[in-house]
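The listed protein sequences derive, respectively, from chains U and G.
Heads up: the first sequence is residues 1 to 182, going by my numbering.
Heads up: the second sequence is residues 183 to 292, going by my numbering.
If you are wondering where the hints come from, they were derived from the structure by calculation, not from laboratory data.
Where a beta carbon is used, it is the ideal one built from N, C-alpha and C, also for glycine.
Hints should not be assumed to be uniformly reliable.
Pairwise CB distance ranges, derived in the manner of DEER restraints [claimed, not checked]:
| id | chain 1 | residue 1 | chain 2 | residue 2 | range |
| --- | --- | --- | --- | --- | --- |
| 1 | G | Ala274 | U | Trp18 | 42 to 52 Å |
| 2 | G | Pro248 | U | Leu28 | 18 to 28 Å |
| 3 | G | Arg275 | U | Glu33 | 27 to 37 Å |
| 4 | G | Arg187 | U | Trp17 | 33 to 43 Å |
| 5 | U | Arg37 | G | Ala271 | 25 to 35 Å |
| 6 | G | Arg275 | U | Trp17 | 20 to 30 Å |
| 7 | G | Pro248 | U | Pro31 | 33 to 43 Å |
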Amino acid sequence: MTALGSRGTGQAGRPTWWASLVVRTAALPLPAEHRWRYRQEFLAELYGMTPSRAAAPRHWGPLARLDSLDGLDRAGTAHPRGGHDDQALPVSHRPPPLAAAAQPRRRLVPRMHRLRTTTVRPWRRRRHRSGHTMTTPWRCRIGTPPLAPAAQPRRRLNGECRRCGTQRDEDMLSSPPSSRLC
Amino acid sequence: MEQQRTPRMTIPTQLVLHALLTDPAKELYGVEIGAAAGLPSGTVHPILARLETVGWLTSRWEDIDPRAEGRPARRYYQLTPNGLALARAALARAHTTARPAWLRPLGEES
Chain U
1 MTALGSRGTG
11 QAGRPTWWAS
21 LVVRTAALPL
31 PAEHRWRYRQ
41 EFLAELYGMT
51 PSRAAAPRHW
61 GPLARLDSLD
71 GLDRAGTAHP
81 RGGHDDQALP
91 VSHRPPPLAA
101 AAQPRRRLVP
111 RMHRLRTTTV
121 RPWRRRRHRS
131 GHTMTTPWRC
141 RIGTPPLAPA
151 AQPRRRLNGE
161 CRRCGTQRDE
171 DMLSSPPSSR
181 LC
Chain G
183 MEQQRTPRMT
193 IPTQLVLHAL
203 LTDPAKELYG
213 VEIGAAAGLP
223 SGTVHPILAR
233 LETVGWLTSR
243 WEDIDPRAEG
253 RPARRYYQLT
263 PNGLALARAA
273 LARAHTTARP
283 AWLRPLGEES
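Take the sequences, apply the hints, and build the full model.
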């Protein structure tokens, strides 16, 4: 299903169709005056990469950094509130640039999913523990809980919700839906 | 409001400048710069765009016949003479002023 020749060969050459598609898609949200240029530039850079190298997440950067390229006209100069030279760290302790490429990469900035892990998930966990309404099964929230048959000594319509364990009796089941929430 | 003509000297910016300063006379394209700096293309290209915006870099399309070469033309970047001097000064300044005293090696003057 490819129109390009390097699929599966592991050799550098024309990029796979999906790599081209990703690059073309990544360039779509860019400002119109820059879109064509960067699309051509990214596509040109795919040539010469092996398919496995092009598939590496680090080369999917255009997707992750669209906001940076999107602000070409307004970004990049020193802002009075930050980003001055004095805030930078020296680079002399790093290996020479060409040698750095051959060494395992040291990640300068944590990936976004790590940021999400450290920020969003604890919040969601806290919300889960606090008994937020979203933790209640949806059938219980809409008043039609999945009842398991319980002991019915006098053929009463009682039961126990299989999700939240709430005991129900005849009066509760006959009450309006708004009062039957778990 | 007048725009300041100094790019933010972040660590990736310094790495890109370092890669370009390795051989200032040589033109590099995005993947080469990224490989030299150890940065992904998604980081390199916004930095290159900023440096080009402030006039430190020039870029041009490679002058080839795509059919003969079998690939599209690349875009090559090179430091301008002014950008070369400013980049060297900025890197030197970042090197000397960035580290707090407790991070500097013993015996190094501020």
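Quick rundown of the hints versus the structure:
In this structure the supplied range 42 to 52 Å holds for Ala274/G paired with Trp18/U, their Cβ-Cβ distance being about 44 Å. Distance hint for Pro248/G and Leu28/U: a CB-CB separation of about 22 Å, consistent with the stated range 18 to 28 Å. Evaluation of the 27 to 37 Å hint for Arg275/G and Glu33/U yields a pass: the beta carbon distance comes to about 33 Å. Roughly 42 Å separates the CB atoms of Arg187/G and Trp17/U, a value that falls within the hinted 33 to 43 Å.
The beta-carbon spacing between Arg37/U and Ala271/G, approximately 29 Å, falls within the hinted interval of 25 to 35 Å. The supplied range of 20 to 30 Å is broken by Arg275/G and Trp17/U, whose beta-carbon atoms lie about 47 Å from each other. The given range of 33 to 43 Å is broken by Pro248/G and Pro31/U, whose C-beta atoms sit roughly 25 Å from each other.
Of the numbered hints given earlier, the model fails hints 6, 7; all others are met.
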